[in-house]
Amino acid sequence: MSEDLDTLRDHLLTAIPAAASPEALEALRVEALGKQGSVTQLLKTLGKMTPEQRQSDGPRINGLREAVADAIATRKASLDRAALDARLASETLDMTLPAEAPLAGTVHPVSQVMDELAEIFADLGFAVATGPEIETDWHNFTALNIPETHPARAMHDTFYLQQGLDAKAGGTFDERATFSLLRTHTSPVQIRTMLQQQPPIRIIAPGRTYRSDSDATHTPMFHQVEGLVIDKGITLGHLKWTLETFLKAFFERDDIVLRLRPSYFPFTEPSAEVDVGYTIEKGKRVIGGSGGGWMEVLGSGMVHPKVIAACGLDPEEWQGFAFGCGIDRLAMLKYGMDDLRPFFDGDIRWLKHYGFSALDVPTLSGGVGAGA
Amino acid sequence: MKFTLSWLREHLDTDADLDVIVETLTRIGLEVEGVHNPGDALKAFRVAEVLTAERHPQADKLQVLSVDAGDGALQVVCGAPNARAGLIGVFGPPGAYVPGLDVTLKVAAIRGVESNGMMCSTRELELGEDHDGIIELPADAPVGTPFPDYAGLNDAVIDISVTPNRQDCMGVRGIARDLAAAGLGTLKPLTVPRSPVRPEPVEGHLSTSVTPAERGASTSSARTDVVPVEAPDVRTDDPAGCPAFYAQNVSGVANGESPEWLRRRLTAIGQKPISALVDITNYVSIDLGRPLHVYDRATLSGGLVARKAEDGEQVLALNGKTYTLDATMTVIADDAQVHDIAGIMGGEHSGVSADTTDVLIECAYFDPDHIARTGQKLLLTSDARQRFERGVDPAFLDDGLAIATRLVLDLCGGTPSPVTRAGEPPLAPRVHAYDPAKAETLGGLAVPADRQRAILESLGFVVGDDWQVTVPTWRRDVDGAADLVEEVIRIEGIDKVAPVPLPRTPGVAKPTATPEQKLERRVRRAAAARGLDEAVTWSFLSEAQAAPFGGGAWSLANPISEDLKVMRPSLLPGLLSATARNLKRGVTAVRLFEVGRRYLAEAERPTVGVVLAGNRRERGWREGKGAGFDAYDAKAEALALLAAAGAPVDNLQVMGEAGDAWHPGQSGTLRLGSKTVLARFGMLHPSLLKAFDLDGAVAAVEVYLDALPARRASGFMRPAFAPPALQSVRRDFAFLVPAGVSADALVRAVRGADKAAIVAARVFDVFTGVGVEDGHASVAVEVTLQPIDKSFTDADLKALADKVVAAAAKQGASLRG
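Top line first, the protein sequences correspond to chains A and B.
Counting from 216, one number per residue, gives the positions in the first sequence under my numbering.
Counting from 10, one number per residue, gives the positions in the second sequence under my numbering.
Do not rely on the hints blindly, as some may be mistaken.
[Claimed, not checked] Over the 12 Å line for every Cβ pair with chain B, so calculated as not near, a few chain A residues:
no., residue
1, Ile-276
2, Ala-284
3, Ala-298
4, Arg-368
5, Gln-413
6, His-453
7, Lys-455
8, Thr-457
9, Asp-470
10, Leu-475
11, Ser-486
12, Val-512
13, Lys-549
[Unchecked claim] Taking beta-carbon pairs under 7 Å as the criterion, some of the chain A residues facing chain B (in silico):
no., residue
14, Ser-253
15, Thr-255
16, Leu-258
17, Gly-452
18, Ile-563
The hints are simulated quantities; they were obtained by calculation from the structure and are not laboratory data.
No residue lacks a Cβ here, since even glycine has one placed at the ideal position from N, Cα and C.
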């Protein structure tokens with residue numbers, strides 16, 4: 216008996232690991248553990264044994280059954296694994312073939328910079344205001360202390376609308392109500408804001424502006440941002456701090472140096488042009504420091520008492536500052552475009568090159584500027 | 010405004026060098042646009058003597074010179090016919106750059122003879138047009154001296170930009186006054202001859218600063234045989250336009266070339282010398298900001314009157330153009346005709362010439378507003394207009410006239426008449442109360458009151474003990490306390506203003522963008538995230554481009570060109586032009602969008618435009634052939650952008666009538682209700698595309714952001730999350746649908762079959778062709794059924810299926826067998 220058992224054990228535990236296929240393994244399982252299987256037959260003999268015999272042979276027979284079952288499971292796993300490996304090996308593809316390119320659109324630099332400005336000024340408590348681009352004489356000029364005969368009107372190269380001329384000819388012209396021109400600056404938004412809103416006021420007003428000018432550095436349409444603060448006790452010192460803070464935040468540099476130069480705008484008094492220092496790095500002008508020279512970036516001043524009065528506010532009580540700045544120019548200075556004209560061409564190659572990812576939303580925590 | 014350093018020094022006694030002057034000018038608001046020293050370019054050239062001149066052995070027209078430029082004899086080959094021994098001329102050594110030839114000299118052999126430099130002509134040095142021979146200098150010119158030093162070319166020309174408020178700085182003297190106030194020396198007194206004098210000839214020297222001694226000498230030597238000249242007969246009949254008309258006659262003048270000093274001064278600042286009389290008026294205008302006009306009395310008939318023009322009256326002006334005037338304009342006329350568009354430009358008829366012997370010098374005050382209006386109407390600008398419309402000094406008529414007359418007498422001789430003074434210039438004193446505290450409370454700079462007083466006084470203001478400040482007559486621009494603050498700050502130094510932080514607004518920071526702005530930002534970034542490139546295109550376009558979109562409601566009266574004439578009624582034309590340019594450049598896929606305004610008669614409307622052209626999909630190893638865009642791509646963009654904008658996209662109706670610009674069968678509108686059009690989408694009409702030079706099919710979208718319903722502010726809380734407890738069931742139905750029944754109608758009908766159980770229905774297949782009856786399509790719809798309390802039984806599902814089929818049947822669809 217025990218010899219038979221040993222022989223059977225040797226036979227099965229040698230044959231099972233050597234089974235070449237799942238089918239061969241199954242045949243061995245049936246041979247050993249099937250209804251008529253050799254191990255099954257041995258198990259059946261247990262019932263006829265004497266207790267003593269059962270005590271000695273039982274564990275051996277059961278042990279054989281377990282050993283055979285384990286061997287079959289192990290071999291099965293091994294064969295399955297080999298089969299899977301073989302199938303996967305047959306499925307090999309060339310992983311260097313190109314995948315589908317993602318569709319990557321862009322945000323125009325002008326929009327991006329407008330968002331950056333809104334973010335920077337929101338931190339200083341400035342809301343974003345807007346106004347019409349088709350304006351009246353009064354909002355664009357008269358209320359801003361630029362009367363019809365003022366020489367500054369000639370400097371503006373205004374686009375006039377036929378509708379305004381027709382109203383003049385027909386005697387229905389109302390300086391304050393007849394839309395007669397394309398705004399030459401964003402300053403009329405100052406007027407509209409002061410008329411609609413009680414001080415204190417802190418706004419920026421970005422938008423399209425127009426002048427009849429077209430050469431290498433001018434386009435008939437361009438973008439400006441206006442800033443306006445009306446409050447009590449506002450001085451030129453606040454203006455200077457605001458511009459410094461804004462330009463430092465915009466260029467994300469601490470070494471921004473400003474130079475104020477006295478100038479003239481009819482709607483501010485005193486008035487100042489603001490230059491920002493630059494250095495030359497690799498032959499390019501880079502804003503920051505002042506080793507390379509000065510670049511004019513914006514015009515500013517204390518809001519003229521006549522402008523405040525024109526908006527129905529008491530200039531003895533309220534005063535403030537205003538500034539205006541070219542957005543296209545800011546974009547060029549920060550992101551390095553050297554020509555203005557392609558801004559408005561819609562050249563996809565240019566847009567892909569200078570545009571911004573949709574995900575580059577300017578935030579204070581992430582930095583308002585978007586790296587290349 | 011250009012002037013030279015030496016000219017400035019006629020008025021300003023200063024030790025400051027050029028750099029300090031330039032820096033100060035910009036610092037006080039007289040922005041320097043350029044500084045140019047004409048001598049710099051000719052530094053290398055020297056005065057030289059030709060020692061010997063011999064014929065070139067190899068060339069008849071050349072000579073071999075021996076030239077001494079201070080360092081001994083040099084051999085120079087020269088082709089000038091006037092080159093000869095003893096001539097003193099201008100020598101350029103090797104290394105010198107000759108501007109008129111654009112070459113740098115070097116030692117070279119000319120026809121076999123070595124030449125060590127060049128003797129130069131006027132034109133070669135860009136000092137004039139003369140090229141007949143080399144420059145001949147006087148025999149006493151010091152050999153070896155740098156030529157710029159000898160010729161007085163080392164006089165820097167400074168160009169400043171004068172802001173429109175500063176008429177006083179349109180004269181060199183005003184600039185000197187500002188510099189003196191800024192601490193750069195002292196303003197020299199202006200000496201004015203007080204009475205008409207018969208002068209001794211003064212040798213070519215500036216006479217605006219004639220000393221009293223000189224004047225006394227002149228007066229005492231007046232000759233007795235002078236025939237008295239009658240004072241001019243002038244008057245003003247238009248005191249509003251011409252409040253004051255002063256004039257003086259000078260008889261017996263000789264109008265030749267101006268003296269060297271005057272010609273050089275004018276030439277240096279880019280003015281062409283014409284004749285002594287004309288040059289004098291230009292000189293006084295630039296020197297003192299005082300425009301004048303000189304008439305040839307031989308051409309006048311009767312006296313001169315300042316009056317309103319008659320409507321339609323014409324004058325031939327000095328620029329050779331004829332201007333038609335109207336009754337708002339002031340003119341100077343005699344009995345016969347108009348001689349001057351007052352304060353703007355003189356007439357051709359009475360201008361002075363070489364033959365002029367008797368002149369009338371006009372020194373008038375014209376009202377700035379009148380001048381501005383006339384100039385604007387006539388589209389005529391001039392140096393005189395620029396000064397008069399900014400407001401010349403009304404107190405400087407007598408002095409200006411005396412100085413001009415004196416110059417005429419000095420340079421042209423003649424006998425002066427007494428002065429006629431018609432009318433009165435506006436001389437009412439302008440006084441403003443000023444509080445010196447304002448320098449700090451407005452200007453942000455604490456300046457001691459004494460210092461403020463000193464600054465204002467140095468600029469010509471009269472400051473009373475009570476701080477009543479009288480404005481100088483030449484500062485028409487100063488109109489109140491804020492202007493006085495500006496004067497103080499700009500002279501004290503605006504750079505000294507210290508930055509002061511704006512106080513933070515108390516309370517919780519609120520969003521500073523309006524809902525409209527937030528909407529535009531979302532839509533813009535959604536579009537870019539979908540692969541569209543944002544363009545910014547012109548707000549104006551041609552009438553022809555606007556026409557298919559309803560035409561432009563606003564047109565420019567003075568467009569840059571016909572292509573940029575009307576304000577756009579749609580964003581698509583600009584994008585289509587950009588698309589055409591891109592395709593021409595070889596771009597194969599165009600996905601452009603723009604967020605901007607369209608300009609309608611009633612308002613400016615925020616809008617998004619999208620244009621899709623070229624390949625939607627490039628050919629590829631997986632996808633095979635490439636594919637173009639179709640109307641459904643446009644629809645997808647429209648819905649995506651509307652979803653980003655927060656529109657209720659599931660409730661929108663798709664309707665037709667996109668408009669003439671669109672493919673009539675492949676376009677539509679997306680509407681909220683049946684009236685509010687939120688977007689147009691589809692393929693564009695081929696005839697529209699042709700106008701933009703586009704060949705292939707182009708898909709487009711226009712989303713009207715202004716038409717979107719405002720989003721209700723609902724706070725931050727979301728409703729509780731309650732997923733259905735039971736799993737939904739899907740069932741497919743294939744319908745045979747007659748043509749003309751839209752997929753949308755079928756799906757809506759199916760969805761409506763049981764509003765409680767059917768939560769979704771969507772088309773997943775559309776098929777026409779073999780096996781489908783003509784005039785019909787097979788449309789397969791997947792219906793999602795959601796049990797609520799208990800799972801569906803077979804009977805429930807059967808009943809629901811019957812409802813779906815019945816609802817579809819009402820639309821004419823039948824279940825496919």
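We went through each hint and held it up to the structure:
No Cβ of chain B comes within 12 Å of the Cβ of Ile-276 of chain A; the nearest lies about 50 Å off, and the non-interface call holds. Distance check on Ala-284 of chain A: its Cβ is at least 40 Å (rounded) from any Cβ of chain B, clearing the 12 Å threshold; non-interface status holds. Listed as a non-interface residue, Ala-298 of chain A keeps its Cβ farther than 12 Å from every Cβ of chain B; the least gap is roughly 29 Å. With a least CB separation of 8 Å from chain B, Arg-368 of chain A falls inside the 12 Å interface cut-off, contrary to its annotation.
Interface exclusion of Gln-413 of chain A from chain B stands, the closest Cβ pair being 15 Å apart, more than 12 Å. Chain B draws His-453 of chain A into its interface by the beta-carbon criterion, the shortest separation being 5 Å against a cut-off of 12 Å. Here Lys-455 of chain A does not stay apart from chain B, with its beta-carbon only about 4 Å from theirs, under the 12 Å limit. Listed as a non-interface residue, Thr-457 of chain A fails to keep its Cβ farther than 12 Å from every Cβ of chain B; the least gap is roughly 6 Å.
Every CB of chain B is more than 12 Å from the CB of Asp-470 of chain A (nearest about 15 Å), matching its label as outside the interface. A Cβ of chain B approaches the Cβ of Leu-475 of chain A within 12 Å, the least distance being about 5 Å, so the stated non-interface status is violated. At the 12 Å boundary, the C-beta of Ser-486 of chain A falls inside the reach of chain B, the nearest C-beta of that chain being 7 Å off. Listed as outside the interface, Val-512 of chain A is consistent with that label: its C-beta sits roughly 14 Å from the nearest C-beta of chain B, beyond the 12 Å cut-off.
With a closest Cβ-Cβ approach of about 17 Å to chain B, Lys-549 of chain A is found to remain outside the 12 Å limit, as its non-interface label requires. The restraint placing Ser-253 of chain A at the interface with chain B is violated, with a minimum CB-CB distance near 50 Å, outside the 7 Å limit. Checking Thr-255 of chain A against chain B by beta carbon gives a least distance of about 45 Å; that is not within 7 Å, so the hint is violated. Taking 7 Å as the C-beta cut-off, the interface hint given for Leu-258 of chain A is violated, the closest approach to chain B being about 47 Å.
A cut of 7 Å between beta carbons decides the hint on Gly-452 of chain A: the least distance to chain B is about 3 Å, and the hint holds. Contact between Ile-563 of chain A and chain B, as hinted, is supported at the beta carbon level, the nearest pair being about 5 Å apart and thus within 7 Å.
Of the numbered hints listed earlier, those contradicted by the structure are 4, 6, 7, 8, 10, 11, 14, 15, 16.
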